[in-house]
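The listed protein sequences correspond, in order, to chains A and B. Residue numbers for the first sequence follow numbering that gives the first Met the number 0, so the first one is 0 and each next one is one higher. Residue numbers for the second sequence follow numbering that gives the first Met the number 0, so the first one is 0 and each next one is one higher.
Don't take every hint at face value.
Said to hold, decoys possible - Just a few of them, taken from the derived set where beta-carbon distance is under 7 Å, the chain B residues facing chain A:
1. E60
2. H172
3. T202
4. V206
5. D281
6. G344
7. T345
Unchecked claim - Cβ-to-Cβ under 8 Å is the rule here; a few derived chain B residues that face chain A:
8. Y47
9. A48
10. D77
11. M78
12. A238
13. D242
14. V258
15. E286
16. A289
Said to hold, decoys possible - Result set (DSS-like, lysine-lysine): computed pairs, CA atoms no more than 25 Å apart in a straight line:
17. K164(B) x K140(B)
18. K250(A) x K283(B)
19. K77(A) x K243(A)
20. K132(A) x K77(A)
21. K137(A) x K291(B)
22. K243(A) x K164(B)
23. K164(B) x K150(B)
24. K250(A) x K301(A)
25. K138(A) x K291(B)
26. K145(B) x K164(B)
Derived by calculation from the structure, the hints in this document are not laboratory data. Glycine included, C-beta positions come from ideal geometry on N, C-alpha and C.
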Amino acid sequence: MAPQGDPILEVRDLVKHFPLTQGIVMKRQIGAIKAVDGVSFDLRRGETLGVVGESGCGKSTLAKLLMALEKPTSGSVKVNGELVDVHKGSNLKRFRRNIQMVMQDPYTSLNPRMTVGDIIGEPYEIHTEVAPKGDRRKKVQDLLEVVGLNPDHINRYPHQFSGGQRQRIGIARGLALQPEIIICDEPVSALDVSIQAQVINLLERLQSEFGLAYIFIAHDLSVVRHISDRVAVMYLGKIVEIGKDTEIYDKPSHPYTQALLSAVPVPDPEGRETRERIILQGDPPSPANPPSGCRFRTRCWKAQEICAVEEPLLQIRPGTDHESACHFAEVHDVVHAS
Amino acid sequence: MKNPSVDTHLLPADSGTIGTEPLLAVDNLHVEFSTRQGVARAVNGVSYALNAGETLAVLGESGSGKSVTAQAIMGILDMPPARIPKGEIRFRGTDLLQLSEAQRSQIRGQQIAMIFQDALSALNPVFTVGWQIAEMFRVHKGMSKKAAYAKAVELMDRVRIPAAKQRVNDYPHQFSGGMRQRIMIAMSIALDPEVLIADEPTTALDVTVQAQIMELLAELQRESNMGLILITHDLGVVADVADKIAVMYGGRIVENAPVHDIYRNAAHPYTKGLLESIPRVDMKGQELYAIKGLPPNLLDMPTGCAFHPRCPFRQDDCVTDVPALHEISGTRSSACHYWREVLDGTAG
Ligand SMILES: Nc1ncnc2c1ncn2[C@@H]1O[C@H](COP(=O)(O)OP(=O)(O)OP(=O)(O)O)[C@@H](O)[C@H]1O
Ligand SMILES: Nc1ncnc2c1ncn2[C@@H]1O[C@H](COP(=O)(O)OP(=O)(O)OP(=O)(O)O)[C@@H](O)[C@H]1O
Ligand code: SF4
Ligand code: SF4
Ligand SMILES: [Mg+2]
Ligand SMILES: [Mg+2]
Chain A
0 MAPQGDPILE VRDLVKHFPL TQGIVMKRQI GAIKAVDGVS FDLRRGETLG VVGESGCGKS
60 TLAKLLMALE KPTSGSVKVN GELVDVHKGS NLKRFRRNIQ MVMQDPYTSL NPRMTVGDII
120 GEPYEIHTEV APKGDRRKKV QDLLEVVGLN PDHINRYPHQ FSGGQRQRIG IARGLALQPE
180 IIICDEPVSA LDVSIQAQVI NLLERLQSEF GLAYIFIAHD LSVVRHISDR VAVMYLGKIV
240 EIGKDTEIYD KPSHPYTQAL LSAVPVPDPE GRETRERIIL QGDPPSPANP PSGCRFRTRC
300 WKAQEICAVE EPLLQIRPGT DHESACHFAE VHDVVHAS
Chain B
0 MKNPSVDTHL LPADSGTIGT EPLLAVDNLH VEFSTRQGVA RAVNGVSYAL NAGETLAVLG
60 ESGSGKSVTA QAIMGILDMP PARIPKGEIR FRGTDLLQLS EAQRSQIRGQ QIAMIFQDAL
120 SALNPVFTVG WQIAEMFRVH KGMSKKAAYA KAVELMDRVR IPAAKQRVND YPHQFSGGMR
180 QRIMIAMSIA LDPEVLIADE PTTALDVTVQ AQIMELLAEL QRESNMGLIL ITHDLGVVAD
240 VADKIAVMYG GRIVENAPVH DIYRNAAHPY TKGLLESIPR VDMKGQELYA IKGLPPNLLD
300 MPTGCAFHPR CPFRQDDCVT DVPALHEISG TRSSACHYWR EVLDGTAG
């Protein structure tokens, strides 16, 4: 299904700073970790936005902000044109039914004392209107089957499943309330490629059936390419490049995106000794103290004086057809993610 | 030896292989769990071998027993419910399964170390990461608190935690998933082990950090001739770093091969299906290939070949006869009756 209509999700200037404290007994705030630092984008019905970027660049924090699991330092999130207010209970409940999350960590995100059936059916306790009590067991079994698990295992506990199997439990739970938006934080990274393929096919099938919109966070760039309509590349709390999948993968214009794409391991051992890679120099800067001007400048091979002084805005630039936050954005061919 | 404080008289002190004995050999290992519903046969005769300096990648379906095998090597399975009815795990020729718990804990962490799949639950949430890394040096090397903390900062730097000095007193939840995994890696290499088992070490990491971590592991391997068992689903990483591959399905090894052979041409239908499932650019907008059906039920394994309910090449005897691990060449084997046909493309 092609993405259509008005945005279902509108994110504007979203910021999350975590206080950085020192001292064990008397904590003093000595700064802030700028986990998400001014992120804006739209998501339309039926659309998938892929989010990629270095570990620690703020992807999971962004996901938690969108889920209203964290309170933003500033900025706003609108769902179906309505502002999400973390202080209003009724607003939150409605909103939470509409936007669900599949978590990164299949180990800690499942309650070890609940059966799989109870975990997947738990959202029905709060949202009783979706499934009357008598229907629940059947619904949960359907969901288990949908994600490729054995419906007879409904009474088992999470520790009796492997990592990948637990991740599918998380996906089944995310689907329980038939939300309009699903935020997938590394939903397939613990799965083997065949089950990964099943899950991706499943997500795509659900999307075309129900017009679901996805935010799809992942490190595997070939998976992101396959599933996404648009891709946002994050670096240190900011989006540095955003565009259609083909624009990002075939015509990346931000040096960080170019480095990222060139680091994708190719599933073919032939010629592995001679493959060309842009290896990023230096350490990722601390998000507590990001570099002035362009945040990528400490590792950028193209940096000029202006990069330390002036922050490059995310905008379409001469020579590119999509938004890029680089003063010297230019299309560069890299070794592609296959 | 690198760890003078360790009592190593149990084990021959030369490095690498002993005669033809590899550094680490898992031989016909079986592991089962007693559950309320019955006995779950998680590992059903796994054999693989690792030489010093070598990288063995273990691939396979989720739930196929990769982590349980690794936990058996480390000696960290809870027994019960787990039981090891059969098999050997030889480290430098000594069967670890015959050692006492005291002897095994001497080896664990120091000679054989592991990076865990679940970084967050492996780190203790109530202690700072610095404390947890430093504790390794205090317990095993008897270092002072100050020296151990200095070592902790050094290791955090080495695995590229930005501003390590300032963050050494942070708690695990204050780090991103990827950074927690790097802290786990720091802890596992702290004592310079001879065998490192890395269970999905880079799953949570972005490709640039992944490339750095794999490079770091390769460097450690070169420096100390460490043997590396890499459990992963990432066929790109495997293609990049592995010397040889063991593919698991339903608690068994279904294919063993040098890395180049397997990517060129799989000798087992499961491996073939796995390789075909990789998303490729020209598949955009299409359904991805996926192996059909459900993973086997460990409480009630299929008869004959465990893969037969899902195998596109199945023949009648697959349902009745368990395929042996057929030797294809000196370095390659496949547990399929029809490996010849699978290899030359005439199966099915
Ligand atoms: N509760 C918290 N308190 C303090 N700092 C935090 C907290 N949660 C996250 N951070 C910090 O915010 C930054 C962004 O973390 P986040 O988990 O969003 O990264 P990520 O992009 O999801 O990384 P990964 O790919 O490794 O999962 C990191 O520097 C992290 O250490
Ligand atoms: N304590 C336990 N009780 C019962 N079954 C268990 C227990 N621990 C593991 N298992 C089962 O053993 C099988 C093998 O699990 P293991 O964790 O080794 O899989 P894996 O190959 O590492 O999978 P993944 O790639 O998903 O991590 C799984 O089917 C799992 O359900
Ligand atoms: S603005 Fe400058 S430092 Fe930043 S990415 Fe572009 S060239 Fe590099
Ligand atoms: S033995 Fe038969 S069922 Fe098993 S993998 Fe080979 S062809 Fe398929
Ligand atoms: Mg994350
Ligand atoms: Mg595992």
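Evaluated hints:
Of the supplied interface hints, the one on E60(B) holds, with its beta-carbon coming within about 5 Å of a beta-carbon of chain A, less than 7 Å. A distance limit of 7 Å between C-beta atoms decides the matter here; for H172(B) the minimum to chain A is near 10 Å, and the interface restraint is violated. Because the closest C-beta pair between T202(B) and chain A is about 5 Å apart, less than 7 Å, the hint holds. A distance limit of 7 Å between C-beta atoms decides the matter here; for V206(B) the minimum to chain A is near 4 Å, and the interface restraint holds.
Interface restraint check: D281(B) against chain A, minimum CB-CB distance 9 Å, threshold 7 Å, status violated. Look at G344(B): its Cβ only gets to about 19 Å from chain A, farther than 7 Å, so that hint breaks. Given the 7 Å rule on beta carbons, the hint for T345(B) is violated: about 23 Å separates it from the nearest Cβ of chain A. Residue-level restraint check for Y47(B) is violated (minimum Cβ-Cβ distance to chain A is 18 Å; threshold 8 Å).
The beta carbon of A48(B) comes no nearer than 20 Å to any beta carbon in chain A, farther than 8 Å, and the hint placing it at the interface is violated. Given hint, D77(B) at the interface with chain A, is violated; its Cβ is 10 Å from that chain's nearest Cβ, farther than 8 Å. Contact between M78(B) and chain A, as hinted, is not supported at the beta carbon level, the nearest pair being about 15 Å apart and thus beyond 8 Å. The restraint placing A238(B) at the interface with chain A holds, with a minimum CB-CB distance near 4 Å, inside the 8 Å limit.
Of the supplied interface hints, the one on D242(B) is violated, with its beta-carbon coming no nearer than about 10 Å to a beta-carbon of chain A, more than 8 Å. Interface hint status for V258(B): upheld, as the beta-carbon distance to the closest one in chain A is roughly 5 Å, under 8 Å. Taken as an interface hint, E286(B) checks out: its beta carbon lies about 5 Å from the nearest beta carbon of chain A, inside 8 Å. For the restraint placing A289(B) at the interface with chain A, the shortest Cβ-Cβ distance is roughly 4 Å, inside the 8 Å limit, so the hint holds.
Taking the CA atoms of K164(B) and K140(B), the gap is about 22 Å. The hint holds against a cut of 25 Å. Between K250(A) and K283(B) the CA atoms are separated by roughly 17 Å; this keeps the pair inside 25 Å, and the hint holds. Distance restraint check for K77(A) and K243(A): the Cα-Cα separation of roughly 22 Å lies within the 25 Å cut-off, and the hinted pair is therefore satisfied. Taking the CA atoms of K132(A) and K77(A), the gap is near 32 Å; set against the 25 Å cutoff, the hint is violated.
Restraint check for K137(A) and K291(B): the C-alpha separation of about 23 Å stays at or below 25 Å, so the hint holds. At roughly 40 Å between alpha-carbon atoms, K243(A) and K164(B) are farther apart than 25 Å, so this suggested pair is violated. Between the alpha carbons of K164(B) and K150(B) the distance comes to roughly 11 Å, so the proposed pair stays at or under 25 Å and holds. Distance hint between K250(A) and K301(A) is fulfilled; the C-alpha atoms sit about 17 Å from each other, no more than 25 Å.
Straight-line distance between C-alpha atoms of K138(A) and K291(B) comes to about 22 Å, which keeps the hinted pair within the 25 Å bound. The straight-line distance between the Cα atoms of K145(B) and K164(B) is roughly 13 Å, inside the 25 Å bound, and the hint therefore holds.
In summary, the structure is inconsistent with hints 2, 5, 6, 7, 8, 9, 10, 11, 13, 20, 22 from the numbered list given earlier, while agreeing with the others.
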